[in-house]
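J.: So the chains spell out like this:
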Amino acid sequence: MATRPLTVNGKRVSITVDDPDMPLLYALRDDLALKGPRFGCGLAQCGACTVHVDGRAVRSCVTPLSSIKPGQRVVTLEGLGTPQNPHPVQRAFIEEQAVQCGYCINGMIMEAAAFLARNRRPTETQIKQALANNLCRCGTHARIVRAVKRAATA
Amino acid sequence: MNTHFKTTRRDVLKGGGALVVSFSFGAQAGDALAQTAAAAKPLALTEVDSYLAIDAKGMCTVYSGKVDLGTGTDTALRQMAAEELDLPLNRIKLVTGDTLLTPDQGTTWGSLTIQSGGVQIRQASAAAKAALLEEAAKRLNVKKEELSVAGGVVSGGGKRIAYAQLIGGKSFSIKLDPKQPVPTKDPKTFKLVGTSVPRVDIPGKATGTFTYMQDFRVPGMLHGRVVRPPAMQAKLESVDEASIKGIRSAKVIRQGNFLAVVAANEWAAIKGARQLKATWSKWEGLPEQSKLYEHVRATKVAKDEVTSTVGNAAEALGQGAKKLAATYDFAIHTHGSIGPSCAVAEFKDGKLTSWSASQATHTLRKQLAQMFAMPVDDVRCLYLEGAGCYGRNGHEDAAADAALLAKATGKPVRVQWSRADEHGWDPKGPPTLIDLRAAMDGSGTVTAWESEFFIPQSAGGFLVPLVAATLAEMPYEKHIAPGNIIRNSDIPYKFANVKTVCHRLESTPFTPSWIRTPGRMQNTYANECFMDELAAAASADPIEFRLKYLDPADTRGIEILNRLVALAKWDKRPSPKGGQSGDVVKGRGVSYVKYELVRTYVGVVAEVEVNRATGIIKVPKFYITHDCGQIINPDGLKNQLEGNIIQTVSRTLLEELKFNRSAVTSLDWASYPILTFPDVPDIAMDLIDRPTMPPWGAGEPAAAVVPSAISNAVFDATGVRLRSIPYTPEKVKAALRGAA
Numbered sequence: 000m001a002t003r004p005l006t007v008n009g010k011r012v013s014i015t016v017d018d019p020d021m022p023l024l025y026a027l028r029d030d031l032a033l034k035g036p037r038f039g040c041g042l043a044q045c046g047a048c049t050v051h052v053d054g055r056a057v058r059s060c061v062t063p064l065s066s067i068k069p070g071q072r073v074v075t076l077e078g079l080g081t082p083q084n085p086h087p088v089q090r091a092f093i094e095e096q097a098v099q100c101g102y103c104i105n106g107m108i109m110e111a112a113a114f115l116a117r118n119r120r121p122t123e124t125q126i127k128q129a130l131a132n133n134l135c136r137c138g139t140h141a142r143i144v145r146a147v148k149r150a151a152t153a
Numbered sequence: 000m001n002t003h004f005k006t007t008r009r010d011v012l013k014g015g016g017a018l019v020v021s022f023s024f025g026a027q028a029g030d031a032l033a034q035t036a037a038a039a040k041p042l043a044l045t046e047v048d049s050y051l052a053i054d055a056k057g058m059c060t061v062y063s064g065k066v067d068l069g070t071g072t073d074t075a076l077r078q079m080a081a082e083e084l085d086l087p088l089n090r091i092k093l094v095t096g097d098t099l100l101t102p103d104q105g106t107t108w109g110s111l112t113i114q115s116g117g118v119q120i121r122q123a124s125a126a127a128k129a130a131l132l133e134e135a136a137k138r139l140n141v142k143k144e145e146l147s148v149a150g151g152v153v154s155g156g157g158k159r160i161a162y163a164q165l166i167g168g169k170s171f172s173i174k175l176d177p178k179q180p181v182p183t184k185d186p187k188t189f190k191l192v193g194t195s196v197p198r199v200d201i202p203g204k205a206t207g208t209f210t211y212m213q214d215f216r217v218p219g220m221l222h223g224r225v226v227r228p229p230a231m232q233a234k235l236e237s238v239d240e241a242s243i244k245g246i247r248s249a250k251v252i253r254q255g256n257f258l259a260v261v262a263a264n265e266w267a268a269i270k271g272a273r274q275l276k277a278t279w280s281k282w283e284g285l286p287e288q289s290k291l292y293e294h295v296r297a298t299k300v301a302k303d304e305v306t307s308t309v310g311n312a313a314e315a316l317g318q319g320a321k322k323l324a325a326t327y328d329f330a331i332h333t334h335g336s337i338g339p340s341c342a343v344a345e346f347k348d349g350k351l352t353s354w355s356a357s358q359a360t361h362t363l364r365k366q367l368a369q370m371f372a373m374p375v376d377d378v379r380c381l382y383l384e385g386a387g388c389y390g391r392n393g394h395e396d397a398a399a400d401a402a403l404l405a406k407a408t409g410k411p412v413r414v415q416w417s418r419a420d421e422h423g424w425d426p427k428g429p430p431t432l433i434d435l436r437a438a439m440d441g442s443g444t445v446t447a448w449e450s451e452f453f454i455p456q457s458a459g460g461f462l463v464p465l466v467a468a469t470l471a472e473m474p475y476e477k478h479i480a481p482g483n484i485i486r487n488s489d490i491p492y493k494f495a496n497v498k499t500v501c502h503r504l505e506s507t508p509f510t511p512s513w514i515r516t517p518g519r520m521q522n523t524y525a526n527e528c529f530m531d532e533l534a535a536a537a538s539a540d541p542i543e544f545r546l547k548y549l550d551p552a553d554t555r556g557i558e559i560l561n562r563l564v565a566l567a568k569w570d571k572r573p574s575p576k577g578g579q580s581g582d583v584v585k586g587r588g589v590s591y592v593k594y595e596l597v598r599t600y601v602g603v604v605a606e607v608e609v610n611r612a613t614g615i616i617k618v619p620k621f622y623i624t625h626d627c628g629q630i631i632n633p634d635g636l637k638n639q640l641e642g643n644i645i646q647t648v649s650r651t652l653l654e655e656l657k658f659n660r661s662a663v664t665s666l667d668w669a670s671y672p673i674l675t676f677p678d679v680p681d682i683a684m685d686l687i688d689r690p691t692m693p694p695w696g697a698g699e700p701a702a703a704v705v706p707s708a709i710s711n712a713v714f715d716a717t718g719v720r721l722r723s724i725p726y727t728p729e730k731v732k733a734a735l736r737g738a739a
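Taken in sequence, the protein lines are chains A and B. Just so we're aligned, residue 0 is where the first sequence starts under numbering that gives the first Met the number 0, counting upward by one. Just so we're aligned, residue 0 is where the second sequence starts under numbering that gives the first Met the number 0, counting upward by one.
Among these hints, one or two may not hold up.
What the hints assert, rightly or not - Some residues of chain A that are not near chain B, with every Cβ distance over 10 angstroms (derived):
1) Pro4
2) Ala56
3) Val61
To be verified - Partial list, derived from the structure: chain A residues whose beta carbon lies under 10 angstroms from chain B:
4) Ala1
5) Val16
6) Asp18
7) Pro36
8) Glu77
9) Tyr102
10) Ile104
11) Ile108
12) Asn118
13) Pro121
14) Lys127
15) Ala129
16) Ile143
Read the hints as simulated data drawn from the structure, not as lab findings. The beta carbon of each residue, even a glycine, is placed where N, CA and C say it ideally should be.
Could you build the full structure based on these sequences and the hints that come with them?
T.: Structural data, given as structure tokens:
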């Protein structure tokens, strides 16, 4: 049993685990009861589990807990904004109704937010490229691109 | 948003027939959600109380057997109920897919949630409102015709009374008779239906506050992971339980060939399932993938179903001046949910509670009862939204896994499938093989059409065997259930001689079920491609050619194609386009469907670019005209149409289940790729709204026309016909080489 300190959504927490190499996703979902990051493949192929670590979009399903340093800032969809006070990207997704089943949407928003933080005025092609490794099965792509564009111009 | 409604004399007269005039509100229903009181809640399809209740605070709870599979119907159903009851949207609570509380309105499939489920709720709402008005007239001593309603408050003669005071918490006790529909609101007075009300679930989904099935937890719950056989019908020979000894709390559960690991936490269960050593027998009963369609053609036919006959097609085929024949095939596909299936189950006092994302909780309930040989009444199945399933995927199987493990451990168990479990073990859209023949006379008029569809039988209805029951050798219905896959094998075109036959095969390589637009996508694909072949053979414009054979009385179908011409700025000419040089050539293709030949009409044009050097097809643009009658939520409809097109472009260009003689080998997104952002088409739409017509389904029909539109566009670009889905670069290059 080991205890790992983490900074998640601005709060310092500690997780007690048998296996320090457990992926971050399970610490967030099972130990901290967060619902934003989602299990989709466990293979870093779909992006549903995406969170920010120090502002970078990472796939939490393949990120060992042991690789996160105590001072690193982990932010999940919940830490980005709330229904009452959403992040500009979340607001844009709501305004564009850019959701069908929504299972992939955590990844879309987290990926887009990290991307827009570095690219203030991206072209449509750049947006599509930035999201090329995030899978959506419902076919919400067109709306998602519109939402990211809207957030970029907000 | 308050609505205002005045009854007119005409409404009152119309109301005379169906509504049971002398009603009396029943006893206090209590909180229907509380399990103790819930036993009394009616579920019959012919009772208003089955569908809705209004409590003492004026909140209306609507009970829907149809569930939201991520298509936005939770919002649309609220709109339909609120509209009919003249209530603001935020006064409607919705309970869905709970076998204890919601009526069995049938599986959520077939584009029927609005068309069937929503219309039933609308009927109940209309009957409830008529009763409320009648009661209000009595209590206020004002004539019914002089009453108006706003926000759940009835006013008249300077007096007011709220729904809550009229009914609050009591039952309506009103019968519904489907043969005598209750009059509903004049669509001209609609305030909510027909508007793009924002979806109720989206803010929660965009901020991480929405609870999916995968987020659901119960106290004291264990986590389970299944260990499926490496060969589909292999027998479990031995298990080395010591191989997971080092993982705290992990425990092996074995029953027959069902194998799983349960543990106190999720990661321990995952590690245990990965690490567990087991030996299985060999099994190589699958056909060779490269000979799949030979296998399909050689499979014994259980029975033939003739889906249409006009004249004598065989005789007319023999006499045609010009004869055409072609064979089409459509690969085995998975549903491809982004979130693998998940369920929680608990056995308590001999009763089973199952939480899952099943599209058919009432059916699942019967299957679980059979599996555990227990009374149906002792099983309760509750729906929680999962990832989109697009048909019968693995949700029900995860529910059976969880139930088996809950029974074995005596604790509630959550089962989360892995990506490989989902790709490997969800039931599949079966392979489809279609032969078509036609004849034309000297003037290019079609004189005969004949088709044969080689598709699996559906001997025992719609019960897809639960994987856990089959592996653990527990009771289940031993048959295959691919869904209603014969529809749209018949055609909307009026030829003098037609015969369409479905050869229902005794078996198919993988447990089949319905993927989105089951059968209707594959059948329409073959029919609309072959129709295009006939148009080309007649040197006719493909849209004019279709219009020539549509029933002149079917004006909605004709309008779809005419509006498509305008939307796509269609250039009237025969295909192929010809005269193109360079590696990249462009083309456009059309397709048309009248869904199941009785409802929603769709026309599409696809624009493609084919790279003749690489064999890569790009689909930059789709145009769609769509008529599903009365539109409930235009933006919700657009969302569905975009989804249908994009998902089916993916199916057409990329998707094919891969397997060896033992099992599925395409177990992740690398080996079963789907369309990604850079390749998604731009979509232009023309929605035809018919507020006075019944609302028809829109979750499926648009998918039916996508593969054929792409195939026809590739022919227009290259002069080469693609007849085998998916259209991989290898197949495109081979077809181009074959034509050269």
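J.: All hints are to be evaluated individually against the structure, with a verdict given for each.
T.: These are the hints, each one checked on the structure:
1. Pro4: Label holds. Min Cβ-Cβ 18 angstroms, cutoff 10 angstroms.
2. Ala56: holds, 15 angstroms
3. Val61: The assertion about Val61 (chain A) holds, with a minimum of 12 angstroms to chain B.
4. Ala1: Constraint on Ala1 (chain A) not satisfied, violated at 13 angstroms.
5. Val16: At about 8 angstroms, which falls below the 10 angstroms cut-off, the nearest Cβ of chain B leaves the hint on Val16 (chain A) intact, so it holds.
6. Asp18: holds, 6 angstroms
7. Pro36: holds, 8 angstroms
8. Glu77: holds, 4 angstroms
9. Tyr102: For Tyr102 (chain A), the interface hint holds, since the closest Cβ of chain B sits about 4 angstroms away, which is under 10 angstroms.
10. Ile104: holds, 6 angstroms
11. Ile108: Hint on Ile108 (chain A): holds, closest Cβ of chain B at ~6 angstroms, below 10 angstroms.
12. Asn118: violated, 15 angstroms
13. Pro121: Violated. Min distance 13 angstroms.
14. Lys127: holds, 4 angstroms
15. Ala129: holds, 8 angstroms
16. Ile143: Hint holds; Ile143 (chain A) Cβ to chain B Cβ min 8 angstroms, cut 10 angstroms.
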